[in-house]
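S.K.: Given the sequences, and given the hints that come with them, work out the whole structure.
In case you want the letters, here they are:
Protein chains: 2
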Amino acid sequence: MVINQNHTLLDSVPRKTLSKEVADRIIQLLVSGNLKRGDKLPPEMELIKMLSVSRPVLREAMSSLESLGIIHRKTRDGTYFSEKIGSQPYFNMLSLVMDDLPTIIEARMALELGLIALAAEKITQNELEHLYQTIEAISKHPGNYSEIDKEFHRIIAFSVHNPVLDSMIDSLLVAFDQMSKNIEVRERNVAVEHHTAIYEALERRSPPEAFSKMYEHLDYVRKKILKESRKG
Amino acid sequence: MVINQNHTLLDSVPRKTLSKEVADRIIQLLVSGNLKRGDKLPPEMELIKMLSVSRPVLREAMSSLESLGIIHRKTRDGTYFSEKIGSQPYFNMLSLVMDDLPTIIEARMALELGLIALAAEKITQNELEHLYQTIEAISKHPGNYSEIDKEFHRIIAFSVHNPVLDSMIDSLLVAFDQMSKNIEVRERNVAVEHHTAIYEALERRSPPEAFSKMYEHLDYVRKKILKESRKG
DNA sequence: ATTTTATAATTGTAAGACAATTAGGATAAA
DNA sequence: TTTATCCTAATTGTCTTACAATTATAAAAT
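Chains as they are written, first to last, in the numbering used here: chain A, 1 to 232; chain B, 1001 to 1232.
For the record, the hints were derived by calculation from the structure and aren't laboratory data. Be a bit skeptical, because a hint or two may be false.
[To be verified] Using 25 angstroms as the maximum straight-line C-alpha spacing, the simulated BS3-like pairs for lysine-lysine come out as follows: (1) Lys-223/A <-> Lys-1122/B; (2) Lys-1122/B <-> Lys-224/A; (3) Lys-1150/B <-> Lys-1122/B; (4) Lys-16/A <-> Lys-1227/B; (5) Lys-1016/B <-> Lys-74/A.
M.R.: Here it is as structure tokens:
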């Protein structure tokens, strides 16, 4: 099953260029099961003949697909069907709102709040232990612990093992990181306290409780950062 | 501020093609404030001279940016900086997992759970009234009410007014719609009951309560749909 | 003033050519 | 036989040129 792009209200009369059509057809080739993840696509010259289009048109289509992370090309080797969904498209999109810290924070908050509910359902014992180690590391390790802090959130997010959510949160965490790296609001005690509460809720596998603890945490962080960023 | 794409672990030695570089430079042009949303970009020939690249290279870059929804081109008119963030990139990405209903449902669930928490903070009186009308419509209107049901969820999602989250949820709702349109699990009474509970929690502006009610609702729907889809 | 027409501007598509580098095979040497 | 080296072919990356198609604008005619 393939989504037809032409349902957006924006361009109600969508420009139907050859290269866009070619891109759609290639997506169909990939999704239809003819090719599996990681497979090599036919070389350009062959695709040209298959689709009977010119090389520039094909290359425009390929560029689009590559920027969407659907394929990737190795110079003088070939074109490959991407192994997993990447976050390239999101990064590009986010670069358009990189001046808007509140929007990024809010988006990250929403995503993490949704993720933790699912994490409470699915997180494994291993991941829980890994999570606990990060809390200990923060409380014991001297100096800057921002990397460990991030690790805590990443473990939770990726414990859901959902490729779509993975790429969404990945891009937001990076964007958030970029924008807030000059804002220092670390409070070790608060972090340990909050993280511990979240951890315990996950251990009890209670989505509502995990949500509440995460909400308190992120709400606190959000307010701190927005206050700091208004100062700076 | 612009995100550099080259941080992904996937292609640790990222292929640095001219067209990709050109795409980045154009993004910089847009983001740097020289151009505002909706503005027309210089024609291709001018950009070629500005960036001193060949036309195919420029066009490959433009194709990428267009597929990412950053710009859009009108034939024989010109290229424009997109007004708002679209959901094109997400649709393309989702087409790769369109065979995986559980993944889509889960992603939608996570996003909606995050969104409702923020909606409880921000939803306006107007939007609440609109929401209430959809509940009445479902209970009173005979026949298929799936469109009204979707409207309920859309109102909540878009009440947050976050462009990033908008595009994420938009694509997921469409994908979900496509995949589940053959699965009929409508139960009018349950829908009204659940929606009412959610509505009341939003009215009380309680994120945890709104979350809980939405979680119960989506959990119920999820189980129903997955059971149905396994049958079919 | 309005309509028609023509011109210019702009994007869309095609074809051909060369560069560059990698992979794999052929060849030579140990 | 094994290993190392070299060469050739395959493939992507880039450039140049050209033409098509259509729209917007300006000019001209009514």
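S.K.: Against each hint, give a clear statement of whether it holds in the structure.
M.R.: Here is how each hint holds up against the structure:
1. Lys-223/A <-> Lys-1122/B: 15 angstroms, holds
2. Lys-1122/B <-> Lys-224/A: 19 angstroms, holds
3. Lys-1150/B <-> Lys-1122/B: 20 angstroms, holds
4. Lys-16/A <-> Lys-1227/B: Not satisfied, since the Cα-Cα distance of roughly 39 angstroms exceeds 25 angstroms.
5. Lys-1016/B <-> Lys-74/A: Status holds; Cα separation ~10 angstroms.
In this structure, the one hint that does not hold is number 4.
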